[in-house]
Amino acid sequence: MNTALQSEIEVSARQGIPKRRRWLSKLKKDKWLYILLVPGLLYFLVFKYLPMWGVLIAFQNYQPFLGFWNSEWVGFEHFRNFFANPDFFRLLRNTLILAIYDLVFFFPAPIILALLLNEVRLAYFKRIVQTLVYVPHFVSMVIVASMTYVFLTTSGGIINELVAAVTGQSINFLADTDWFRPMIILQMMWKDSGWGTIIFLAALASVDMEQYEAAVVDGASRFQRLIYITIPAISSTIVILLILRLGSFLDNGFEQIFLMTNSLNRSVADVFDTYVYFVGITQGAFSYSTAIGLFKSVVGILLIYGSNRLAKRFGQEGIF
Amino acid sequence: MKKEKSGLRKNLAFLVLSSVLLLSACSGGNEGSEGNKESTPPQSTQNTGTETDGGEKQEEPYKISIMMQSFDTNLPNADSPVIKKLEEYTNTDVDIQFVPNSSYPDKVNITLASGQLPSIMVVDKTPSFISAARAGAFWELGPYLKDYPNLSMANDIVLNNSSIDGKNYGIYRERVLGRMGVTLNKVWMDNLGLQPPKTIDEFYNVLKAFKEQDPDQDGKDDTYGVVITKYAGPWDIMQVWFGAPNGWGDDGSGNLVPTHMTPEYREALKFFRKLYEEGLVNEDFAVMDSAVWNDPFVNGEAGVFVDVADNARRLNSPMQEKEPRDTSYTNVFQAPVGPKGHRDMPTTGYAGMLAISKSAVKTEEELKKVLAFIDKLGDVEMQMLLGYGLEGTHYDMVDGYIVPKENLDPGVLQQYNGLNQMLTFIGPDTPTLEQTEINNMIAEVQAANEKIVVANPAQPLVSEVYAQKGQQLDNIIADARIQYIVGQIDDAGLDAAVKLWRETGGDDYIEEINRLYKESQK
Chain C
1 MNTALQSEIE
11 VSARQGIPKR
21 RRWLSKLKKD
31 KWLYILLVPG
41 LLYFLVFKYL
51 PMWGVLIAFQ
61 NYQPFLGFWN
71 SEWVGFEHFR
81 NFFANPDFFR
91 LLRNTLILAI
101 YDLVFFFPAP
111 IILALLLNEV
121 RLAYFKRIVQ
131 TLVYVPHFVS
141 MVIVASMTYV
151 FLTTSGGIIN
161 ELVAAVTGQS
171 INFLADTDWF
181 RPMIILQMMW
191 KDSGWGTIIF
201 LAALASVDME
211 QYEAAVVDGA
221 SRFQRLIYIT
231 IPAISSTIVI
241 LLILRLGSFL
251 DNGFEQIFLM
261 TNSLNRSVAD
271 VFDTYVYFVG
281 ITQGAFSYST
291 AIGLFKSVVG
301 ILLIYGSNRL
311 AKRFGQEGIF
Chain A
1 MKKEKSGLRK
11 NLAFLVLSSV
21 LLLSACSGGN
31 EGSEGNKEST
41 PPQSTQNTGT
51 ETDGGEKQEE
61 PYKISIMMQS
71 FDTNLPNADS
81 PVIKKLEEYT
91 NTDVDIQFVP
101 NSSYPDKVNI
111 TLASGQLPSI
121 MVVDKTPSFI
131 SAARAGAFWE
141 LGPYLKDYPN
151 LSMANDIVLN
161 NSSIDGKNYG
171 IYRERVLGRM
181 GVTLNKVWMD
191 NLGLQPPKTI
201 DEFYNVLKAF
211 KEQDPDQDGK
221 DDTYGVVITK
231 YAGPWDIMQV
241 WFGAPNGWGD
251 DGSGNLVPTH
261 MTPEYREALK
271 FFRKLYEEGL
281 VNEDFAVMDS
291 AVWNDPFVNG
301 EAGVFVDVAD
311 NARRLNSPMQ
321 EKEPRDTSYT
331 NVFQAPVGPK
341 GHRDMPTTGY
351 AGMLAISKSA
361 VKTEEELKKV
371 LAFIDKLGDV
381 EMQMLLGYGL
391 EGTHYDMVDG
401 YIVPKENLDP
411 GVLQQYNGLN
421 QMLTFIGPDT
431 PTLEQTEINN
441 MIAEVQAANE
451 KIVVANPAQP
461 LVSEVYAQKG
471 QQLDNIIADA
481 RIQYIVGQID
491 DAGLDAAVKL
501 WRETGGDDYI
511 EEINRLYKES
521 QK
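Sequence order for the protein chains is C and A. Per the numbering used here, residue 1 is the first one in the first sequence, and the count goes up by one each step. Per the numbering used here, residue 1 is the first one in the second sequence, and the count goes up by one each step.
Be careful, since some hints might not be right.
To give an idea of the interface, some chain C residues facing chain A are shown, with a C-beta separation under 8 Å as derived from the structure [as the list claims (entries may be wrong)]:
#, residue
1, N61
2, F65
3, L66
4, Y149
5, T154
6, L174
7, I281
8, T282
9, Q283
10, A285
11, S287
12, K312
In silico lysine-lysine, DSS-like type, Cα no more than 27 Å apart, as pairs [stated by the list, open to error]:
#, chain 1, residue 1, chain 2, residue 2
13, A, K107, C, K296
14, A, K107, C, K48
15, A, K186, A, K274
Anything over 12 Å on all C-beta distances counts as not near chain C; from chain A, calculated [unchecked claim]:
#, residue
16, D106
17, G254
18, N514
To be clear, the hints were calculated from the coordinates, so they are not data collected in a lab. Even for Gly, the Cβ is constructed at its ideal location relative to N, Cα and C.
The shape of chain A in the complex, shown without the other chains (with noise of 0.2 Å):
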């Protein structure tokens, strides 16, 4: 009985004194919040101490945590010898957090909410974030980006698209202006001995051939068109190539319109819905998940593809992985021409920017050795060994040109695999790809693109109506859209939609962005 009582004793000395440290930790996990150990920032206070006894030489490592997207679930750990190179190059201790492209904007948001940032963001020019900047969370880069070699080649006109009120609060990375394309299965088109499509219609007609004429002559009816997803940047594109506006147009009285009110974008939908109507897009694809976007492409049910001319690459190596042959399996092509003539949608010149917040990057001092870092960045060297990882080990050099090894294993592509997302690419030129067909063909794609992209004249501007409400307003006219090409909703339909946008706050967006459209151009 005795015996009994100490042991229970015993234990009961091990509760409280576990429900202590409950506590305790609980305090301290209730300052770091979020509870995710990852996002707090490295305690940069003891490196300034260091680093003013310290010479040049012997200077500590400095600590820099960095959030991105990944597109990947093969990433590289801490102990990856890509990161390893990284670090060595410009004396720091990287810490990467990476985020699935997928929860990205949401986890910036969360992270923003909760004042503990990392050093060094990967940032849209959200509502979010561009409210975070005005309350001072970023530093302004503006200024000193001309005492950086690399980051005073930056390009004004991004830089300019990248702003806030005037102001970088981040520094961009770079993306080529005219990237989109029209990725068509290759195989398929000399089956049926189809020639490259140089208009709407004879993009349609490859629609319909590759649904009706059995392109991957089986003998049975299982092809169809143009895969699509939820993900809705496919549309985008194509109603621009019928003279839509890229976001906002000019009405012809010097206005900004949205593209929803004009006649053109009725008319692009009118041919969207004529897709859906006849089978030439998958019948699911409002709700089918873009992860899989690439799937049927590579499964030969869909032979067409819109989105970025580079896609037309990462869809034929899965495919020559399947079955190597010589030539290549796709075959990448401008926007066909519509009836206002040869357009395409730009990208914004840029994907994301790279801003530096304030709460771990204390000081001035610690924002130049952060700024040096990304000035780095830019370096031939770090071009390329984030971008295709250690020459010998990812990639060998061939008569000046980058040629990736095939087949490597898993755990060696995972050393480098997603750590392009921090590069900004504003530096020296590097060496290329080797000259492939496709390449070649991307390449040519999109620089021809350059005369046809047609620009976003809001592109600059900062919305307040936007910033509250954009989300809405976005979903309000993106539902209606798809309940149109499906063929839930009529004109009528459509026409009511827009009425709800207005009602909801669209009235005053159109207003706002006019006054700061006429204002910028002042």
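In isolation and in its complexed conformation, chain C is listed as follows (with noise of 0.2 Å):
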């Protein structure tokens, strides 16, 4: 597509017609592709730009009842009182170590499955250990907080009583504030690291089988082939995966959080994405609330555009 595009211009570049006339006539020529562009060009700018504009009451003092043109202008205030306030560096810290953990622990966990996917032999064993991690993913995420709950409870919770029976005392792990962390990143270990594999699996299947054969021939053992074809071949999208994850570095995934927050370990489970929430919708204070918003999207604007950077001057490909 790509290159077809690039021969087109360089044919018409060298025929000499003036660039307004080139635009249109290649913009007739391939009509139907630019009306197939329509309906996606549609739904971003009516669902995502179209909204974009709310942002602006984080510089109010927005008012549901008065709207967005009678609400008060307040400039940077809000800012100011959320970088002044005492919860900012606990949400900072938690958020900051929960997304650390996400990227330390969570983050190679489908690659590591995908890679151990990738040597199993047998066809249908390899096909039913697919389809059989890829399930959790569709277990919502109110029902994996409450079957935590009904495994970990101290009352009879499964998990507890092996706990109790092997070591004499139950460990309270939903309300203790060391086991929250853990606790988190075990549930989006068990839920998302089968669905993660599917793109590995993907990039794994477009290594070149000659480059093992050649490998065996040269003597390489099962695990130098991993390390010296395999990673390297997958190694762009790794790459990419992890600059589009670290764009949403911040977000620590609201649903999950809020469920599994109670009144012991909130000191170490507030996050921005909850405190949004608690200061947003049961407070009522949306202004205050797309301030913060708005800090956190441009922590991940910068993450991203960083992030990319630094792909590309150590030689990988980037997104854009």
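With the hints in hand, could you dock these two chains into one complex?
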């Protein structure tokens, strides 16, 4: 597609047609392609760009009944309040620690799982396992949270019964601040590692088999083949997904955190996402919570941009 | 090849067409916001048109949309005979939007923010409702009430409690003032030969006995005292027994202090901590969902339930269903007497109010129709219909008492289930439930409670600070209380939490409440 377009540009450039007419004739030639593009463009315009002016309420004292036009403008006041709030550092810490845990423990999980699946020889076994590991992705977070509760509760939870049988005392996983983060990461792994393998398995399928054959002839062990062929082959996929993941670095997944929060672990569980909800929805401070959301988005953009630059510097492709 | 092309063309045409449709659907959806069709208010302008030329008899049913809580998933649909009868009686076309109680406050806030309100909305005096009412989103109803036979009977004290800046933006839903009670497992008490607890010490002894003396006589250590969930209501109730004020109390010099800054509060928390340490309360209370609150009691794991007294009936029925017996499974008593005398937590005398929005009810003429509808809900017929269903189908009248039919098919029960949430109970007295043992006990407890309930002096006051930071402030104290009970923090930690509360805005809150309180005293 890309190369076809390029060669066309070159052809028309050589023919010396004025720029404007070239543009028009191209539009005419590929009109169906452009029309195909219309629904997608409309989708982004209507659902992504049109609502965006709403972030302006972050600079207002927005009152729903006064409406956008009549609400008072307050400039950066909400941002100042937020950064001066004693909650800010606690939120930032909780959000960052969870995000780093996510990156260190959850992000590699689907890669490892995909590599393991790739080494499975029996095709039907591989297919069965693959299907089974997708299943948890379709389980609603609410169900995951209540399952966690049922398994971990100190009054009769299966896992706690086991722990009690082995160690003699039960652990209050659900209320303990030390267990909150591991619990969240484990839930994510259980739910989405399998689903995450799809994209890596697709990348693995495109690796040239001849390279493996050549490596076998050269006497490379299975592990060496993994290190020197497989991983380099999917490294660009990994980098792209990593960049995308960094863009939503500060998103901890509202639903999950919200469902697992209680009075006893709130000190580690409060993150930007849940705070925006508490302040915005339950207290009705729309402008203030918009300001926090906007702050998060700006950080997200910076992270994407930065990591993309970094990826390019290290010779990877990047996403733009 | 040619065939293929024309097929492609058709598909493309379809694509373009569908994208155009999509766009038009979106622009329509933008105005309705939320995408929630049920919450869209009725187009009532047409009705006013027909109403002027038509006489009283031919008047078209007036469209009313109502948003209210549901406590059950088995709810009536639009063609339920009960709703049909309601519509017939009030000459309306009622569109009810049920919202699960657990997410109701959020839904109210989102609906308020959207600006697209139903005609009638059950609301509490929350910060967002207060600011919406002040901004003019709801009708002020005070001046109209006297024109309606039932609504004119509304209680002035409760009207004052539910007012905002001295104005009534909603019609309260009346509740018994002294509604609380301690429900105990009667079988267990009989097994152990226990007397009803009169003091807090006796209450503690009952809990202890339920834990340690094998009250269900199965030879296993599988019971405990009181069941509590994430919902902190029972702690709020029990701390009042100890003499802690209900929300705010006089510190002796005429100033109001919040309950968590009183020594009685600390005493109560020490007691709670003891209950937790000794395993008299379920260990996982801080994480247990309130939706399963009844289960441990019904399943015979816990023997005490601290909440509204009428829960004794709600706990008894599933136990009867499992294993019917002649006498009740539950006993209900007043709060035990504490060190500061006999005290209990009251309700505010109302549970939410029916507010009428200006966005759905545009003219005064329409407002009067909605008010007439709410007024009629107070009639005996409507109270009976929405509270108990249809006579002969859902209940029978025996000697002037209501006897609900037992073992109703869920499909039949569904016809009226949950509709009582729209009742204000402002109107004439209605026949009551049959005088069973348990109903009598509940009525006795609630009547006796009137003398011992402790009012919250700050109840009618509307604080600006609380409107802005209330949730945050409440969380600090509520979390610290739970952490103290389970032993995560000690007295120093509690002091630190109170200090944080004061720094986060609590000091301003205290000052403001006291200022408002003094103004209201004048």
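Among the hints numbered above, which are violated by the structure, and what are their numbers in rising order?
1, 11, 12 and 16
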